[in-house]
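There are 6 protein chains.
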Amino acid sequence: MTRYEPADSFATPRFSDVRTFMRLPHNRDLENANVAIVGAPFDTGATFRAGARFGPEGIRSASHLLRRHNSGLGVTIFDHVSAIDYGDVPVVPGYIESSYEWIEEGLRPIYEADVVPIVLGGDHSIALPELRAAAKRHGPLALVQFDSHPDTWDSYFGEKHTHGTPFRRAVEEGLLDVERSIQVGMRGSIYDERDWDDAKEMGFELLTTDDVRKLGIEATTRRIHERVGEAKTYVSFDIDFVDPAFAPGTGTPEVGGFSSWESQQFARSLAGLHIVGFDVVEVYPAYDLAQITALLAANIAHDFLSLVALARKRGGISGK
Amino acid sequence: MTRYEPADSFATPRFSDVRTFMRLPHNRDLENANVAIVGAPFDTGATFRAGARFGPEGIRSASHLLRRHNSGLGVTIFDHVSAIDYGDVPVVPGYIESSYEWIEEGLRPIYEADVVPIVLGGDHSIALPELRAAAKRHGPLALVQFDSHPDTWDSYFGEKHTHGTPFRRAVEEGLLDVERSIQVGMRGSIYDERDWDDAKEMGFELLTTDDVRKLGIEATTRRIHERVGEAKTYVSFDIDFVDPAFAPGTGTPEVGGFSSWESQQFARSLAGLHIVGFDVVEVYPAYDLAQITALLAANIAHDFLSLVALARKRGGISGK
Amino acid sequence: MTRYEPADSFATPRFSDVRTFMRLPHNRDLENANVAIVGAPFDTGATFRAGARFGPEGIRSASHLLRRHNSGLGVTIFDHVSAIDYGDVPVVPGYIESSYEWIEEGLRPIYEADVVPIVLGGDHSIALPELRAAAKRHGPLALVQFDSHPDTWDSYFGEKHTHGTPFRRAVEEGLLDVERSIQVGMRGSIYDERDWDDAKEMGFELLTTDDVRKLGIEATTRRIHERVGEAKTYVSFDIDFVDPAFAPGTGTPEVGGFSSWESQQFARSLAGLHIVGFDVVEVYPAYDLAQITALLAANIAHDFLSLVALARKRGGISGK
Amino acid sequence: MTRYEPADSFATPRFSDVRTFMRLPHNRDLENANVAIVGAPFDTGATFRAGARFGPEGIRSASHLLRRHNSGLGVTIFDHVSAIDYGDVPVVPGYIESSYEWIEEGLRPIYEADVVPIVLGGDHSIALPELRAAAKRHGPLALVQFDSHPDTWDSYFGEKHTHGTPFRRAVEEGLLDVERSIQVGMRGSIYDERDWDDAKEMGFELLTTDDVRKLGIEATTRRIHERVGEAKTYVSFDIDFVDPAFAPGTGTPEVGGFSSWESQQFARSLAGLHIVGFDVVEVYPAYDLAQITALLAANIAHDFLSLVALARKRGGISGK
Amino acid sequence: MTRYEPADSFATPRFSDVRTFMRLPHNRDLENANVAIVGAPFDTGATFRAGARFGPEGIRSASHLLRRHNSGLGVTIFDHVSAIDYGDVPVVPGYIESSYEWIEEGLRPIYEADVVPIVLGGDHSIALPELRAAAKRHGPLALVQFDSHPDTWDSYFGEKHTHGTPFRRAVEEGLLDVERSIQVGMRGSIYDERDWDDAKEMGFELLTTDDVRKLGIEATTRRIHERVGEAKTYVSFDIDFVDPAFAPGTGTPEVGGFSSWESQQFARSLAGLHIVGFDVVEVYPAYDLAQITALLAANIAHDFLSLVALARKRGGISGK
Amino acid sequence: MTRYEPADSFATPRFSDVRTFMRLPHNRDLENANVAIVGAPFDTGATFRAGARFGPEGIRSASHLLRRHNSGLGVTIFDHVSAIDYGDVPVVPGYIESSYEWIEEGLRPIYEADVVPIVLGGDHSIALPELRAAAKRHGPLALVQFDSHPDTWDSYFGEKHTHGTPFRRAVEEGLLDVERSIQVGMRGSIYDERDWDDAKEMGFELLTTDDVRKLGIEATTRRIHERVGEAKTYVSFDIDFVDPAFAPGTGTPEVGGFSSWESQQFARSLAGLHIVGFDVVEVYPAYDLAQITALLAANIAHDFLSLVALARKRGGISGK
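Quick note, the sequences are listed as chains A, B, C, D, E and F, same order. Residues in the first sequence are numbered from 0 upward in steps of one, following numbering that gives the first Met the number 0. Residues in the second sequence are numbered from 0 upward in steps of one, following numbering that gives the first Met the number 0. Residues in the third sequence are numbered from 0 upward in steps of one, following numbering that gives the first Met the number 0. Residues in the fourth sequence are numbered from 0 upward in steps of one, following numbering that gives the first Met the number 0. Residues in the fifth sequence are numbered from 0 upward in steps of one, following numbering that gives the first Met the number 0. Residues in the sixth sequence are numbered from 0 upward in steps of one, following numbering that gives the first Met the number 0.
Don't read these hints as lab results, they were simulated from the structure. Be a bit skeptical, because a hint or two may be false.
Any copy will do: because identical chains look the same in the list, a pair fits if it lies in one copy or spans two.
Stated by the list, open to error - Only pairs whose alpha carbons sit at most 30 Å apart, straight line, appear in this in silico BS3-like list of lysine-lysine: (1) Lys159 with Lys199; (2) Lys312 with Lys199; (3) Lys213 with Lys159; (4) Lys135 with Lys312; (5) Lys199 with Lys213; (6) Lys135 with Lys199.
Isolated chain A, as found in the complex (with noise of 0.2 Å):
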């Protein structure tokens, strides 16, 4: 079996070749790879910012900056992987459901080959078909987000599919084991007071920015590992999870987040889950500044990336 790996940034320099995420190849090859990384460039489901379509440009771009060692988790980690840029999924530009069938039907190949894919965002309309590809699979997954939004809201503008609404939509249609799901980040101005209950309501547990405060970020994680349990996981990370001040270049911005640092240590707390499918959403490249968001985002599908491989390293489960 091929191992693909990033590019030698000793041999050439980051900044040099069309940007793949981290260097990767651009390939289809799922036989000969453990992790695909694709890009979803869609933003129809946006309510406020438009511009979430040039999001996994703008990721992968950033992402020429990292390299193979992830210190924070202690792995090399194409030592233990293979991984791929299988390119972006295709989309309907305005047309939200012809998109959903598109998007479910371009993981779908991935998720057959017991490949986990990171996909790249696009606004979090896009969860809603990943959710299904993936439990098309897998059936009913535990959900780890991290949001200030729980996108749990029923319709806007008598429409149901916005980037406000694919979580409601995924329980509606059996897609997620909602006892073993978790939301974290909630905060900022919401529409109803009921809101939030709205999701707990929906089976969902519901951590606030302001909870986390209290609890601590250990503590947290603790939570999410003990909600979560064995089951098959399906994470979701928002980059409106972070403060404007770390992620500017986002949709639908809510001041007081978290820092970087921060994010990192959430991301990095889910070694030992059993994650089939990932996904960083919500990148506005327009909006953004010398790439940090971008940024950012590369750093956490990085994580990401690591944790398949301390997976398998460890002897675990995720993936092929």
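Given the coordinates of chain A, assemble chains B, C, D, E and F onto it according to the supplied hints.
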């Protein structure tokens, strides 16, 4: 009858107050208005960049620099016209067909009151509901379109509605008097060598940027007047008609375009036509610098407002 | 009595319409309002950068992201409060004394109607006419000032009025109950080692950023409450209290400041005080990125609005 | 006599060292200088945007790109001229009358030493103290003004001094030989149809942008020479003469302006006039991009410096 | 033979997928290609700003807007040409001589395969290794250089290799048929009045921007054809040929340059020449806005690609 | 002896005048100075982004906000110190070895005069010639390095000198008392799991960001003091020690870093050490926003200047 006009810039500074177009009153009193400035904050039809939903905000903001007298057309606008900022028509981000209904519905009372709308886009897909509303009141209209693209493609990704297709749809729906319609400014790379011929075969007169450079501005404007004649006319100004140096804040920029001065000559040359509606579209503030795109768009809208004033001054027939 | 509240964000998108604060109605109906949002687009008092005249526009624009329920304070604002966007008070750019008269005069009807103003600055020099207007109605006020500078210098370049001097002037004019006043957040380089002692000698309690770091946020907020007690209070929030990473768009930034989350804790901690007026000042949009400064300022103003709602919910005494 | 000239760009790179104009020595040795570059970092007179106080810094920074030989005028500057960066004249931000005194006072020694000043603004209000200083030494002067606005309004908000009024004040004070003065480039919307006639009635010749487009550049420059003749002349170049695409970093931009190449033709066409002082004003770096506005302003100042060199090369009479 | 062409823009949106030039396949199959797009991410030769190392990324990103048919040259590119994105040649940041070897070596296989390279710079110093590689295959070449600087200085700071010296070195090394070579567009301030004469004395024909303005574009392009004749030709397009308003993202901008439309006329006028290699250099994305510089550079490269297609369509001799 | 100090900010505004550090006199009078601020505008050593050559300009510009008294360290600087802006040392862009000679040579007179240099970079490769100059005067030095990378790699692309290698070279050349040297702040992805161990094996104490988070700031600073003891010390502060939210304008940003407040605590904690030279490096203004990175760097330099003042106040031994 009340005459609505901007706040006095010698009493309070132009940088003051809530951003309405030119500091006009914000109301829906169509009884007492000749012109209504209307925002259509819609960008679900965009096929490359996104963000025209903030176009109306951007143009309104920049318009605070504008003053009452149009020196290029020689008319003191509010001696002849009562104008209001009507606010925005409703849209549903992510849903183009529903938005088309809302936009058409939103514009209908304006046409019914014989008020001339100047619509601030939004991406160019809004031209279809605009023309539906206009044609419902006035019958098929002549079109004068300034644009670097004809927007007469048939479909993208199998879907009929984008900002690249509204004028083909308008022809199909019988909204245009295509024999009196003219498209000016096409340039740049195209998908197929027949793209522009298609527009001609639908009946449009089409003048490319190269044609205009050969003819000169004056001859071109004569061609417009000859083509349109006495017909009731809709004027649609896509800011990408202008070169990206002068209008960087747009969605599908084409280099090699017209300067701001040339663009103003075209707008002003329309004096004498019987125009029943206007739009300025495809302003994307997130890609703008120091508001130069928005300011140019605001100036074009100011010229359009002045055309109505001039028609009224001369006893013309635009609006009530 | 009419209750004024924001437009419904599920009916039309938040990015729609003329930019008023939180999409509130723009009128001057003080009869039916408890709170008036007022812009003071003045920056002639600035001693380093300029541009706070666009602060009210910037904050209004960003405020369209805000929703009705304040999760941090646990109050659904418009169940308890009727609020309007009052527009801007008149100013004369380049003339600080005349502007002081216009601003005071502009705010007087609001105070006379027992409506609580939340003023959007503008540079901090506007605090003087604000306090003149407030004190005329309420007598000398306690001041709670969040700021990295005490703004109690005597003069600059031989002139008495700048954004570095308003609170010394206010003390000289007897507008403050200085024994009940507290300044929080001073830090950075200063002109003279006695700069802060001067403020203390005038009677202010002054807590530097280093003091606050030592005390902790909770103890600090207790100190504020102890200091102010039952006094009628004016709250002035200079956005440079916050670190430039979270609030780059300001005029005299001081590194080493507070985070957005910490800033919100301070704003929310004021619940229970008897506050008769608020401001948020020193927002310079030309130096901002992706509106993060303006959005933070809008959130602070949202917290202030919520404090009034909370007081009214609890049967409090703020406003009428 | 020492000849002051820029640092050698083949010895140390142009991006080196403290930013003086063109890397000239920074001193006040008027004995040994023919030209003094002087900053006037004042923007209290601005009626729309603010920020011209950083204009001198911006122009100095961009000027490091400039080299010794002016190819357009065919003169190796420092073969004929000794030039210094004099630093800035004192100003009092927020106080226009005091600043006028400081600026006039600051420029006086330069005029007294028969050194030609090239003033880097600052907003256009500084033209009044400049002309006061110049006229004190030379008597009433011809004015050549490149600008999109005549700046001959009477007052704003009841106040006499802003960047819209200096030339009316100058006429009232007898500082101008108005019969030999000419204003070039007016365009855009104006407050009242009589705005430009007012300037003409004061005695100015006024050529609008439309006039210049009809006449052509060459005929226009002949008109300037005919108008001015042998009179001692002050040249004032407002960067908003240029189109915002070429000069976005300005305070009251007017679209439809001149290109950078055209602007240089105008500046260079002044060769042969008897010029005793120059300014380049209204550069606002916070609105600039990649320094293109500042670089254009620096090039215009470089042309002005070259005009003095050329006059001295030809045995001309400018400066000592 | 496989014909390589861009992904279909009606199947997946142009904003999709890994950024290759025009969405071409990224491979090194020189057998089946007529044209290879090659990045040279090198900027160690820059003497003022730095950052051209990101030029290839920037141009590739903007090129996603480009379509298959070139309307200006009347050719549907991929009916006649098979093109690949070859990726980048290796460079060593900070070491110009080693990089020269790597770049020459990197380009050699392309020339050996009789594939026409279109090189995306990088600063202009890369012209030397490009010409070394080209001359090794084709012998001394005619040069058509569009640029605001001749780049024929001898040395900077005592060193022979910078972006200001490559064409002098190329003459010294016998890489150019200097009698058939022409430099177009010189303007701005220069170090010494003999700078341009030096280039002429080396044998170049040199047309300044002022020369071109006098001759007109058409006569200028005739001069180019007369000069070059039938010789094998290298075309080098420095984006600073264009005015900074149209191309702000460059390293040593010179105001007073050509518009984007004029620049395209020059590029397209080369049809009929026997061109064996092209470059577009000096794009600095960190100084760009909304990609307008990168987009113009991409369009110039698109014209170059079209010239090859046209030559092949006409049975021409460019490439294999 | 003359005491050099900044211009008086109450006499002329801080935004005035040629940009020297803190408005200090620009001269080379080492006789009368204790501290010399020196620019090293060099970025040829950079391996990812470029542009640190404009770092000194950026830091000088932002430093105009700084005032005479350091409240964090409790010292009125210019009561104890005479400081000058020495200008820049010569560099040769594109040639690292020659530049190393020029920089060392440029710094030598400062060390010989027993003046303490505070060097404004420039990329981190300048640390090598700095240490060569310092060690020539003082012998091997203790190093306190704040940085997210140890910069002890052996080579890149086969070359020995980049901004990733200076400290390995310094050890090899015997410039460091490595047993008294400490590196603080390493984090992020690394090329190889042994990268940091390598630094330790060379003899450095190395504290990662994670180590510091565990230890706390106070314990960390004790470790620094214990490590360094009485040794003569060089302090090198790479701005990428700080999180990109606080310092976006840098070349190889690593997310998860320290805040501005924490960074200041580290800088100030060095009081009491025997420091003979300082630098602040890796500021890239083209990637900065509203000067927040440059301002933070200026504040760090201000703290360093204050450390010297404090040492002199306490009868300390730094400098003459």
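Each hint tested on the structure:
Only within a single protomer do Lys159 and Lys199 lie at most 30 Å apart by alpha-carbon distance; the minimum there is 20 Å, versus 40 Å between protomers. In the homo-oligomer, the alpha carbons of Lys312 and Lys199 lie at most 30 Å apart only across protomers (26 Å), although the nearest pairing inside one protomer, at 36 Å, exceeds that limit. Within a single copy, Lys213 and Lys159 get their C-alpha atoms no closer than 34 Å, and across copies no closer than 46 Å, so neither meets the 30 Å cut-off. Taking CA atoms no more than 30 Å apart as the test, Lys135 paired with Lys312 passes inside one copy only; the shortest distance there is 27 Å, against 49 Å between copies.
Taking the shortest Cα distances, Lys199 and Lys213 sit within 30 Å of each other inside one copy (19 Å), while across copies they are farther apart (35 Å). When the C-alpha separation of Lys135 and Lys199 is checked against a cutoff of 30 Å, the pair qualifies only within one copy, where the shortest distance is 25 Å, while the shortest distance between copies is 49 Å.
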